[in-house]
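FYI, the working numbering numbers position 73 of the sequence shown as 73, with every residue one higher than the one before it.
Be careful, since some hints might not be right.
[To be verified] Have a look at the derived ranges for each label pair, beta carbon to beta carbon:
#	residue 1	residue 2	range
1	28	145	33 to 41 Å
2	94	149	26 to 34 Å
3	65	133	31 to 39 Å
4	18	132	34 to 42 Å
5	41	64	17 to 25 Å
6	108	24	28 to 36 Å
7	74	14	30 to 38 Å
8	16	151	39 to 47 Å
[What the hints assert, rightly or not] With a straight-line cut-off of 25 Å between C-alpha atoms, the simulated BS3-like cross-links for lysine-lysine are:
#	residue 1	residue 2
9	42	68
10	62	25
11	68	88
12	16	68
13	42	62
14	88	145
15	25	88
16	62	88
17	42	25
18	66	42
19	88	42
20	16	66
21	16	62
22	68	25
23	66	88
24	88	16
25	25	66
26	16	42
In short, the hints are calculated from the structure, not lab data. It should be emphasised that the depicted structure is a prediction, and the values quoted were computed from it without experimental measurement. Beta carbons: idealized from backbone N, C-alpha and C, even for Gly.
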Amino acid sequence: MSDTPLATLASHQAPKAGLSDMIQKELAGLVPADALTFSETKTDVDISTPAEHLLALVTALKDRNKLKFDYLRNVAGVDYEEEGMAIKYHLYSLEHNHSVQITVPTTAGHPHVPTLTGLYIAANWHEREASEMFGFQFDGHPNPKNLLLEED
Numbered sequence: 001m002s003d004t005p006l007a008t009l010a011s012h013q014a015p016k017a018g019l020s021d022m023i024q025k026e027l028a029g030l031v032p033a034d035a036l037t038f039s040e041t042k043t044d045v046d047i048s049t050p051a052e053h054l055l056a057l058v059t060a061l062k063d064r065n066k067l068k069f070d071y072l073r074n075v076a077g078v079d080y081e082e083e084g085m086a087i088k089y090h091l092y093s094l095e096h097n098h099s100v101q102i103t104v105p106t107t108a109g110h111p112h113v114p115t116l117t118g119l120y121i122a123a124n125w126h127e128r129e130a131s132e133m134f135g136f137q138f139d140g141h142p143n144p145k146n147l148l149l150e151e152d
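Turn these sequences into a full structure, and let the hints guide you.
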């Protein structure tokens with residue numbers, strides 16, 4: 001782990017210069033390039049991908065030595081109304097002090113994505129909350145029970 005102060009970890013800095021290019025190079029051959037769309041937000045590189053490529057993408061982001069996205073900060077459900085829905089994953093590398101946002105667009109009628117609980121134990125509760133609040137289905141989740149609300 002680096003000696004990065006916690007204040008730096010929580011700060012809202014622009015994405016590291018060259019991070020998007022480095023990620024694309026590291027992912028070459030591991031995830032189909034045409035399945036990934038890269039952009040930048042004010043704070044993160046954003047990678048949009050269909051649900052069927054999520055596990056391969058996140059596994060590569062976590063396992064590649066130059067990337068090491070070893071910390072799942074957050075999972076957020078988003079309902080864009082007419083434009084559909086999306087799940088956003090916020091990953092962070094404690095060793096390299098860089099972050100990425102993964103966006104998985106879904107449709108309101110079929111909001112299915114694979115669970116990331118096999119890669120990040122923290123995904124368990126994050127996914128349960130997104131399921132409960134937005135109706136997302138996390139295929140393969142080990143405990144899909146409600147986290148906050150009583151079962152129907």
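Hint check results:
no., hint, in the structure
1, 28 with 145: 33 to 41 Å, "holds (39 Å)"
2, 94 with 149: 26 to 34 Å, "holds (33 Å)"
3, 65 with 133: 31 to 39 Å, "holds (36 Å)"
4, 18 with 132: 34 to 42 Å, "holds (38 Å)"
5, 41 with 64: 17 to 25 Å, "holds (22 Å)"
6, 108 with 24: 28 to 36 Å, "holds (31 Å)"
7, 74 with 14: 30 to 38 Å, "violated (19 Å)"
8, 16 with 151: 39 to 47 Å, "holds (43 Å)"
9, 42 with 68, "holds (21 Å)"
10, 62 with 25, "holds (15 Å)"
11, 68 with 88, "holds (18 Å)"
12, 16 with 68, "holds (15 Å)"
13, 42 with 62, "holds (22 Å)"
14, 88 with 145, "holds (21 Å)"
15, 25 with 88, "holds (22 Å)"
16, 62 with 88, "holds (16 Å)"
17, 42 with 25, "holds (22 Å)"
18, 66 with 42, "holds (22 Å)"
19, 88 with 42, "holds (15 Å)"
20, 16 with 66, "holds (13 Å)"
21, 16 with 62, "holds (18 Å)"
22, 68 with 25, "holds (14 Å)"
23, 66 with 88, "holds (22 Å)"
24, 88 with 16, "holds (20 Å)"
25, 25 with 66, "holds (10 Å)"
26, 16 with 42, "holds (11 Å)"
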